[in-house]
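Novice: Full structure from sequences and hints, please.
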Amino acid sequence: MARPRTPKAKAEITGHAGKQKTKFEGRNEPTVADSVGDPFDWLNEYAQKAWREIASEVPWLNSSHRGHLAIAANIRGRMMKGDDVGVQAMNLLRQCYGQMGATPADASKAGAKPDGESKDPADEFFD
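The C-terminal position of the sequence shown is numbered 129 in my numbering, with every residue numbered one higher than the one before it.
Derived by calculation from the structure, the hints in this document are not laboratory data. Treat the hints with care, since some could be wrong.
[Claimed, not checked] Straight line, CA to CA, 30 Å or less: simulated DSS-like cross-link-like pairs of lysine-lysine:
#1 Lys-51 with Lys-10
#2 Lys-23 with Lys-10
#3 Lys-51 with Lys-83
#4 Lys-25 with Lys-10
Specialist: Printed below as a string of structure tokens:
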């Protein structure tokens, strides 16, 4: 199995981004456009607490992540409450984290444009 990708932020902290510039220059990690907002009212208190924790742990989440965040917060809230969480729920939680880019390897795969860049490089080939 291949090693997971080193996130650009981690590479910058450890100094690898400077040593291997070509490897990390092309990586565009997601940036925050809007806030994810407050948790849904229908989530119980543990899920709402989990929502706030996940939102603080994954700072690039925005309003488009609210559905995945609700699922993840619901499962994590059950864990925080001490309820029995089965393997299927844990797998769903892992999938939600991956879809939101909440794992170190997934964050750099999202392919967002760097801050301030609005032009698509492929535009020169289209009318």
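Novice: Confirm or reject each hint.
Specialist: Against the structure, the hints come out as follows:
Pair hint Lys-51 plus Lys-10 holds up; C-alpha atoms about 29 Å apart against a cutoff of 30 Å. Taking the CA atoms of Lys-23 and Lys-10, the gap is near 11 Å; set against the 30 Å cutoff, the hint holds. Of the supplied pair hints, the one linking Lys-51 and Lys-83 holds, its CA atoms being roughly 11 Å apart against a limit of 30 Å. Of the supplied pair hints, the one linking Lys-25 and Lys-10 holds, its CA atoms being roughly 10 Å apart against a limit of 30 Å.
Against the hints set out earlier in the document, no violation occurs for any number.
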